[in-house]
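Sequence positions in the sequence shown follow this note's numbering and run 6 to 358.
Watch out, some of these pointers could steer you wrong.
[Claimed, not checked] Straight line, CA to CA, 30 Å or less: simulated DSBU-like cross-link-like pairs of lysine-lysine:
no., residue 1, residue 2
1, LYS189, LYS333
2, LYS16, LYS154
3, LYS16, LYS189
4, LYS325, LYS189
5, LYS16, LYS290
6, LYS154, LYS189
7, LYS325, LYS154
8, LYS111, LYS154
9, LYS189, LYS111
10, LYS16, LYS111
Simulated from the structure, these hints should not be mistaken for laboratory data. Every value quoted in this text rests on a predicted model; they were computed, and no experiment measured them.
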Amino acid sequence: MDGRHDLRGLKTITIDSALTRDYDDALSFRTAGEGLVEVGIHIADAAAFVLPGDVLDQEAQERASSLYLPDTRIAMLPPSLSEGVCSLRAQEDRLALSFLVTLDEKANIIAHEIVSSVISVDAQMTYQEVNQQLPRDDFLQALQQVSMKLQQRRLDNGAIMLPLPELRVWVNPEGMIQVARHEKETPSQIMVSELMILANTLAAGFFAERRMPSVFRSQEECRPETNPVASEYELFHVYRQRRLFARAQLDINVRPHCSVGVPHYTSVTSPIRRYVDLVVQRQLKQVLETGSPLYSETELQRLISQLEAPQSRIMFIRRKWTRYWILKYLEQEDFQTLDALVLDQNNRFAHLL
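I would like the entire structure built from these sequences, with the hints used as guidance.
In structure tokens form, the structure reads like this:
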């Protein structure tokens, strides 16, 4: 166990898409006394397997993140890690970094701790399965109630919710191109999103309170339009307002994240899929174990600069690759006309939904 907390007795689940094989986060829930509950956010301990400076680490840094495309997937880490010993697969003991958070009935944080752990996931669930089982599952209902209260707390603190549906494109095993509109505000999506935000916020607070260097994620002041959104044009207004916001930035300085509605924020919940998360996980574990950082501010600032090029490359590839498969889908289905919402247009292109 190497000093790890044995949390295999907790009922723990993962919630991901049906295509996921690299499970890097899991959730648990239990009562913790009168009027109190404990939620657990358990993150795959990839740092235990990928050491700073080794060949795997160098390749992961070069890739920056896993790349998911309609017809293929290029993982940041080898499948033996990303889908094997690092992945939080059901009924198997796995190393994790666990955020154990005690909350009262209003979702106020009463206590929390971050610990190295061993967990065993009870069930791998999809978003759709969670939505279907939610009305008759007490465990899922408890997680949903907590997540809704956490979301409301963020809104009260200035968070801005502007969800846009996502267009999912993939090629099925028969070679047929599939396209589906993916909503981000389903109960299961909110559940996962809010608990990951909680873990990322607590991790950022851990560094900020100890004045330890880390990679933080921040966003400048948001200025949404004040006019009420007419339901007929809701998606257009959401798109327009999102374009007014500054992009989130990676930085070594602690600054607020306006759209999330928190005073400090980082990214630590996807260490199998994102290199920044792996680095933050290493830093967090090192401070927990020794009280001293693994990376200096100078090293982290250099890392942020080095990741700019591969991250831009990934965004470019994803955008072009997805566009190609959408055009192939239109060719496959031989559509004559389609209804669409024009979000933006100029002399060169139109952005449609």
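Q.
Please verify whether LYS16 and LYS111 have alpha carbons no more than 30 Å apart.
A. holds, 23 Å
Q: Starting from LYS16, check that the Cα of LYS290 is at most 30 Å away, please.
A: It holds: about 24 Å lies between the C-alpha atoms, which stays within 30 Å.
(Q) Run the distance test for LYS16 versus LYS154: straight-line Cα separation, threshold 30 Å. (A) Given pair LYS16, LYS154 holds - Cα atoms ~21 Å apart, limit 30 Å.
Q: Decide if the proposed pair is consistent with the structure: LYS16 and LYS189, CA atoms, cutoff 30 Å inclusive.
A: holds, 26 Å
**Q.** Pair hint outcome, LYS189 versus LYS111 [Cα-Cα no greater than 30 Å]
**A.** holds, 24 Å
**Q.** Distance restraint between LYS189 and LYS333, which requires alpha-carbon spacing of 30 Å or less
**A.** Distance of about 25 Å is within 30 Å: holds.
(Q) For LYS325 and LYS189, compute the direct alpha-carbon distance and say whether it is at most 30 Å. (A) holds, 23 Å
Q: Measure nothing beyond the straight line between the CA atoms of LYS111 and LYS154; if it is 30 Å or shorter, mark the hint as holding.
A: holds, 7 Å
Q: Given the hint that LYS154 pairs with LYS189, test it: the Cα-Cα distance must not exceed 30 Å.
A: Since the Cα atoms of LYS154 and LYS189 sit roughly 18 Å apart, the hinted pair holds (cutoff 30 Å).
Q) Within 30 Å, alpha carbon to alpha carbon, are LYS325 and LYS154? A) Since the Cα atoms of LYS325 and LYS154 sit roughly 39 Å apart, the hinted pair is violated (cutoff 30 Å).
Hint compliance for this structure: hint 7 alone is broken.
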